[in-house]
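Engineer: Position chain B against the provided structure of chain A, taking the given hints into account.
Heads up: the sequence lines are chains A and B, in that order.
The opening position of the first sequence corresponds to residue 1 in the working numbering, with each subsequent residue numbered one higher.
The opening position of the second sequence corresponds to residue 1 in the working numbering, with each subsequent residue numbered one higher.
Possibly wrong hints are sitting among the right ones.
Pairs count within a copy or across copies, as identical chains cannot be separated in the list.
Result set (SDA-like, lysine to any residue): computed pairs, CA atoms no more than 20 Å apart in a straight line [as the list claims (entries may be wrong)]:
| # | residue 1 | residue 2 |
| --- | --- | --- |
| 1 | Lys47 | Arg599 |
| 2 | Lys336 | Gly226 |
| 3 | Lys469 | Trp504 |
| 4 | Lys47 | Glu598 |
| 5 | Lys180 | Ala591 |
| 6 | Lys458 | Ala385 |
| 7 | Lys554 | Leu596 |
| 8 | Lys47 | Val8 |
| 9 | Lys336 | Gly193 |
| 10 | Lys257 | Ala58 |
| 11 | Lys554 | Glu598 |
| 12 | Lys257 | Thr59 |
| 13 | Lys257 | Ile422 |
| 14 | Lys257 | Glu63 |
| 15 | Lys216 | Ala58 |
| 16 | Lys499 | Gly391 |
| 17 | Lys546 | Glu17 |
| 18 | Lys336 | Pro218 |
| 19 | Lys546 | Asp481 |
Hints in this document: simulated from the structure, not taken from any laboratory.
There are 2 protein chains.
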Amino acid sequence: MPSYQAPVRDMRFVINELLELSSHADLPGFESVSPDLVDTLVEEAGKFTSEVLAPLNATGDREGCTRHADGSVTTPAGFKEAYARFREAGWGSISMPAEYGGQGLPHPFAFVVEEFVDSANIGFGLFPFLAVGAVAAIYAAGTEEQKQTYLPRMISGEWLGTMNLTEPHCGTDLGLIRTKAEPLDDGSYAISGTKIFISSGEHDLTENIIHLVLAKTPGAPEGTKGISLFLVPKVLVNADGSLGERNAVSCGSLEEKMGLHGSATCVMNYDGAKGWMVGEENKGLAAMFVMMNAARLGVGIQGLGLAEVAYQNAVAYARERRQGRALTGPAEPDEKADPIIVHPDVRRMLMDAKALTEGLRALALWSGLLVELSHKAKTEEERRAADDLVGLLTPVVKGYTTERAFEITVNMQQVFGGHGYIREWGMEQFVRDARIPMIYEGTNGVQAMDLCGRKLPKHGGRAVQAFFKLVDGEVAAAMDDPQLGDLAARLGKAVGEQKAATMWFLQNAMTNPNNLGAGAFHYMNIMGIVAVGLMWLRMARIAAAKLAEGADDKAFYEAKLTTARYFAERMMPDAGALRRKIEGGAEAMMALPPELFERS
Amino acid sequence: MPSYQAPVRDMRFVINELLELSSHADLPGFESVSPDLVDTLVEEAGKFTSEVLAPLNATGDREGCTRHADGSVTTPAGFKEAYARFREAGWGSISMPAEYGGQGLPHPFAFVVEEFVDSANIGFGLFPFLAVGAVAAIYAAGTEEQKQTYLPRMISGEWLGTMNLTEPHCGTDLGLIRTKAEPLDDGSYAISGTKIFISSGEHDLTENIIHLVLAKTPGAPEGTKGISLFLVPKVLVNADGSLGERNAVSCGSLEEKMGLHGSATCVMNYDGAKGWMVGEENKGLAAMFVMMNAARLGVGIQGLGLAEVAYQNAVAYARERRQGRALTGPAEPDEKADPIIVHPDVRRMLMDAKALTEGLRALALWSGLLVELSHKAKTEEERRAADDLVGLLTPVVKGYTTERAFEITVNMQQVFGGHGYIREWGMEQFVRDARIPMIYEGTNGVQAMDLCGRKLPKHGGRAVQAFFKLVDGEVAAAMDDPQLGDLAARLGKAVGEQKAATMWFLQNAMTNPNNLGAGAFHYMNIMGIVAVGLMWLRMARIAAAKLAEGADDKAFYEAKLTTARYFAERMMPDAGALRRKIEGGAEAMMALPPELFERS
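Okay, chain A solo, but in the shape it has when bound (with noise of 0.2 Å):
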């Protein structure tokens, strides 16, 4: 069975020395965050998530979610108690508003805990982490009534909540939705309609649970001008907060999937279900985007999680399982075989898991950093830089992280050759989980549309434009470091790339869109793969000054210096490559047409 360890040092390094959260004191919200908080905060999420969650991972995967016949769905062994637990210590409300309840800090160290218990439990991790979107839905656009009824209970966790998109009919083109919402005398609405793919729809983990709800008024416009955003309680809230009537709404079955059998997926069916309006009608989707912007920075992290388990565990397997002889001669000779750890292809799946796991959860924190600035910083200057930036990373983190985070928990699982396909082992079950963070939150072909369609253009491209300055800022000031100069050469090289394709988008995009279409996937990629060398810059910088300063955790440092190294050597060629592919156009990519992809 696999085992789980926090990175902890890894996270520690990222906070402190990285992103140094405590230098920014004097921010609403950073005022107690100190090296000491960190280190507490973070050792103590690793240790409950590794000894609490982790040991219910694979049996949840096993026993799965049970509908019964009344519409009850039960979670699986243990999943209560770990609820339970898990709020008391609180460690669903980190970054949460303090002033319903919320401990209020940066988002960083929400994130630090979404990383853990994705690694542990990514199944169990559904339940709570939903619940934040929901929260920050209510909390972006609701009434000051709803604000009161609502947040507390759910920051407390107390009640868990939902996000209700998905139709049988339609995903992604929400313009398509069905669901009705139809005007009542008291101001409420009755809601009908049949959503799926609802992760958390029903459960025994809590007393409540709050569904937010896309859904139409009788006469709204076409498309998704015309959708309106509900809040619709699975038990209605009576005046003085107690709990009154049971709603109309029920899960219908649960999902059958691929992975994440410890979550409740459910098929959800609002029978004239009371919900009351959250925001503008006609507002919904711009309400939703509060929770989907919060939600796909969180499925990055989820990716990031379950390649940094499966990595773990595969390091202990190549460390301990002997097949075989190093090329250079018997590491062991004493042994019959060597650890395969000693193989060169091992290594390779080993150090490309290292490479992106330390630079994707670096990302994803200076991430979380950005969302804090583009709210708190002192400037409007620099809210805004920080927001132009973080709307950019943001289909970064979530498409490349989670193609990345596959591909390693396939890689992973490899290194187990034969018993990697195996059952018991857990390594499989890694692969099966990591498949939907690239599916769900908008896929990401969607993100990729996001970044290109959306994000590039955006005022005049003017948040890559600051990316790019701030790229060539620090390639430019390493360009002459002994230490750090190659590593900055190649970074330049890979931000070269996205330049020119960012141009080719420019010259090629307005005569034909599709040519922004065919290359957009691949830009996300070269994106992807500039910030996370931006972040083993930096890394880099860092290690190089404590190694200079003489630091303890020399090791440590020294890792950060080769593994930096190896990500410029064999992982930023790609960059070149996927530009290539994105000037090769959309002409032969849509010149078929569709009845001859049919075969005969």
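Structural biologist: Frame of chain A, contents of chain B only:
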């Protein structure tokens, strides 16, 4: 539920137009090969697999195989009847030796059937196809008595066969095996030990199962030089050919796997089972390699088959499912949304799959022809050239095909969005099933080392030099053709990357063999790109000629030209990035001491 239609037209194109099998009619076994025979065989195999086997694929996955208390194993509902029909139609004996009752047709025909079966139901396919390797080994190394006793009934499908290599502590490194073979007075051996991951080790499809088992005789040399091969029937065969006593071999348990549930993957216990040596003592590994080489091409075809069926279902879904609008304006303005095949990113995934499945099919069948020519070509020189080439291509067909095939199944699942993750759509089964071909019959890392460590340097690089000469010649011949020139130029560039990588190995692997190991996997993929590129150049040449001569089926040939262009523009650029990764060398990859991979 997924459907499957055999790609009959494309298969006829490959056999009749690309390989021109009937042009070899002067070689043994090719006498009866005519375009008519090809059409009939392809049509009938297509019909059988889509009508009889495909409907049992999802149910076979759900139900799996069952082991009973007495050690017997039953296959999923319908498999037994389907096998009877499979056997009756002779689908298992296409290319088996005519002297023992096989049909003696050239290997490409067997590959056609294998691809179709693997598309329709790979779990079923493993039962008959494992026997192919066992037959090959007995045919190559067995005594005349062994051949007479076992081959006719294995070839007729009355009995099936297995390969027993892996043990709990060793797979790749067979030198470590512990299974013992004690000589008995009658010339037979008592075999004792445990083998794992044995496909079709026990089942209810046939009365007898012929196990080929690697074991060590007393006092045998250490390592791979002390391994012998034994034939161990499940039921002993009396002198008159009737079945006698049950042998002391049994299935201890079935492995629970990520996929391939229709196949019985057994732990086999040998408790002094009676066996007979096949071939010479301590030369078992060589005899086993006869099986392995055939099996490796077959595993490549498994990947191809799964990619093909996943592709077909994604095409159907992409033409049916409506979401959003074409970037160039509504394609079907009367509908509320366009079919998703209008979206470039969906096209990208479909075109990748189309270009690869068609290219990999050509490559696999060409390799099958080379297997024939290596035995049957008229001159020693031709036979040697074919043998060199197929030796070089075998790890590429196994490794590159299964890598790309898995990616294709993942992308085809992605086309379905969230529905791809749901079991009832069947796409996730293709992904789970396509994962194992990357692992078994030698992991793809082992294939890469076979290619770079053994096949490249053999005879002073004779094979790869011949391959370069072949590609260069076809590139040069097409360079000035207005329709083929760009494709040829791009293939020339890709083979240039392979040459540069080969040269880099030559210059850097002697001083440090890890430089070879660190680049081997990427080299395998470069060679895959070049080999498939060569197939596309040939296919494009034929298509252009057919169009020029005004052939019917114009659309088919035009699609070939477009797809060739797509492969060149969109997939070949990876060769350059892979070469640069190889040139990164082993230093950063091998630098970290193993303990620094651990998290703390």
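Engineer: Find the hints from earlier in the document that the structure breaks and name them by number, from lowest to highest.
Structural biologist: 5, 15
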